[in-house]
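Student: Please build the complex by placing chain B on the supplied structure of chain A, with the hints as guidance.
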Amino acid sequence: MSAIGFTDARIMLRRNIRHAMRYPMIAYLIALPVVFLLLFVYVFGGTMGAGLPTSGTDSYLQYVVPGVLLLTVAGGVTGPAISVAQDLSEGIITRFRTMNIARSAVLGGHVLGNLIQLLLATVAVTLIAVLMGFRAPAGPWGWLGAAALLALVSYALCWLGVAFGVYARGVESASNLPMPIMILPLLGSGFVPTESMPSWMQWFADHQPFTPFIETLRSLLFGTPVGSNAWLSLAWIVVIGVGGWLWARRLYERKPLRTA
Amino acid sequence: MTSAIAIHALRKSFGTDVVLDGIDLDVAAGTVYALLGPNGAGKTTTVHILSTLLAPDSGEVRIAGHDVVREPAAVRAAIGLTGQFSAVDGLLTGEENLQLMADLRHLGRSEGRRRVAELLERFDLVDAARKPLATYSGGMRRRLDLAMTLVARPQIVFLDEPTTGLDPRSRAEMWRVVRELAAAGTTILLTTQYLDEADELAGRIAVLDHGVIVAEGTPAELKRLVPGGRIRLEFDDPTVLRAAAVALGSGEPDDETLALEVASDGSLASLRDVMDRLDRDGVEARSLTIHTPDLDDVFFALTGHDVDAREGVAS
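Heads up: the sequence lines are chains A and B, in that order. Using the working numbering, the first residue of the first sequence is number 1, and each one after it goes up by one. Using the working numbering, the first residue of the second sequence is number 1, and each one after it goes up by one.
Chain B on its own, in the form it takes in the complex:
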């Protein structure tokens, strides 16, 4: 299997801030790979180095077989990047933006026109094609941004937090596009803060924390590292809380929040079991919430600290 992206011992610091502390990563051609981690883990820095925007301090990075430091032009010819911040020309229309990309990629007049029309259609921008970008919604700008990345049919596409800040409908649309690209054989490296997104789209996931990869594997492998979900119950007073703890026979009652958490695999059976036990002893819960494993849990399981405890780390 050939590697589309091969990273070995990659390091990068900004001043005294060590952002990437020895990353090794290998992405097979034609696969979707997710880099999962909280803000400040080093995801964007990694993508910037892979796309020749930043020079690494040390280590080796090869994209489509080309070294990012020694052969940046060959790397640039093979890649496309859609970042967190829209890289569109706000003074042009959507169509002109796409045409500019077609021109700069030297597609030729008729091929360029055809490609622009095709992408406007595919990204549902036909009606807005001739309107200035000032009239575009956030989702439309993001779609145009990605369409611009795809004009030249890059072999490898980097998507830096492609759905952050998008509404659910735009997010689903972005997922659909990523799947289509993957089906067409494009190699995709995406960064995300959401486990469900990585789970949904990627064949393999690397979890990045403090500039180090703390876990790597298929979504199923990663989830096995994480304890299952839990059911959280809240009660009106401490007496009821104690009665519930006795009825359920598990979980640590929390007197301050009047809450009790018990392990659950998220299945209906486990939920029914909890409710049956409470009913049997006549215990009334004020509220019930079901938690499935999220990035917080993955992080806690892998690193022993919370995502929140990591503010102030340079990105």
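The shape of chain A in the complex, shown without the other chains:
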């Protein structure tokens, strides 16, 4: 990216952060996973924990936190989808397109602005989990790896969210489109081991991207061997991120102008 391109992206980022400060969506990003965490640990935890090798509410807490963190990240698809759709409905994007601005700056600004909020939300949810008694035996490298994984998944999902935002016909549909993505962490190994599911569901759970994400995160945090899940996760990150980026860019170039 040229120097001008970098400057433009920074200006757009500042604009998106200003939007975020004025209309804080970050509260929703934190609230939903925290409600799930409380619900699953304190309401279902006793029963759900019974199905684990070491039963009990506390061991279920240790089991469910990686899933809840991925749930947080998945919720982040909505942010860029809404912010981009809002821009497109405002007509300001039409103005940007008549200006000599680096092409990548507009969508890039949305990705970065939402990514920052999402990472802050993930840190907040992690802190709440720790307050509830979550203890991961991982050393600094394990935590660093976990942070890197969450950041990469977040970045990829933000591009997908931007693509949803450009694809959507309005702000409302932009906030509904990411729904399937937000449900995916629940249909993986985040809340119960996939072996406990009916076989067709287990097949789906084992082959969708969030299961390797969750398993890799769990291994990094608990110091168990990561195995093939790491490569699988990286592959999914590239597929989602590059796919979202290409889709978003293509749609953005072709998006008909707002006329009425």
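Honestly, the hints are just simulated from the structure, not real lab data. Some hints here could point you the wrong way.
As the list claims (entries may be wrong) - Covered, in the sense of this in silico footprint (three residues per stretch, anywhere, with C-beta under 8 Å from a C-beta of chain A), are these stretches of chain B:
1. 46-56
2. 73-85
3. 104-113
Computed from a predicted model, the values in this text were never measured in an experiment. Glycine included, C-beta positions come from ideal geometry on N, C-alpha and C.
Tutor: Showing chain B alone in chain A's frame:
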């Protein structure tokens, strides 16, 4: 004389809808040019192509000497567009919107601040500068929109129906701004549905219909193509209508509407003449209206059909 805007054989279709069917147009630098036509004539499409938002199907378009297809960046650096729909950031304040434009045009910190303050002052937005746009009226949004276009002092400004939907006061204000810009040497291309607006602001006018330019010239030249105005009289019953037709010796009485129209150049003398003739024969008219030539008349004269008959044409 150099051309700020040069268009040759421009064509554009959306699917089977031919929106622009071979447009030629030349706008000299530093002049105000009006593109006059009803909804669906192709005005907005033309402006979108000139401002690099849409690609033409064929033809050549040069803005400030740069080709819109091959050198869009150079074109974008020279132009500003204020469209029909407000292109402002609704989540920022007026001042932040202007500052965003100054930043994106890389004006530099102190120059940017100065320019923002200057435009807030000029567009009467100082009091509202730090308020969110949700509190702005329609006229204020439109003023901010235009101010944002002018932050970088573009050489060429496109105004797409700049006064549509504005109240008379905001409209007069918009006209004042256009005149100021023109006086400062900015080239302006504006689109409008109103003949009086084109007449008031533009040095030259092109009349667009069905994607074709049907007439081009100075306002005076165009008005010469249009028959003069007329006086319309309405009466209480057919007998009086007939008596009036005899008294005036011209016009076709319409029995259904009980109305009679006679040609008039809009002068007091012609009005007095009509009233004198009616008085002399003791004919009472129920009402009298004076029509000056409007877009409908220009259209009818140039194309032989009404503006209204053109619904359903893609814009």
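Student: Each of the hints needs a verdict: does it hold here or not?
Tutor: Going down the list of hints, with the structure as the test:
With 5 residues carrying a beta carbon less than 8 Å from a beta carbon of chain A, the region 46-56 of chain B meets the three-residue requirement, and the given coverage holds. Proximity of the region 73-85 of chain B to chain A, defined as three or more residues with a beta carbon under 8 Å from a beta carbon of that chain, is established by the 8 residues found. Counting residues of the region 104-113 of chain B whose CB lies closer than 8 Å to any CB of chain A gives 3, which reaches the minimum of 3, so the coverage claim holds.
The structure is consistent with each of the numbered hints, conforming to all of them.
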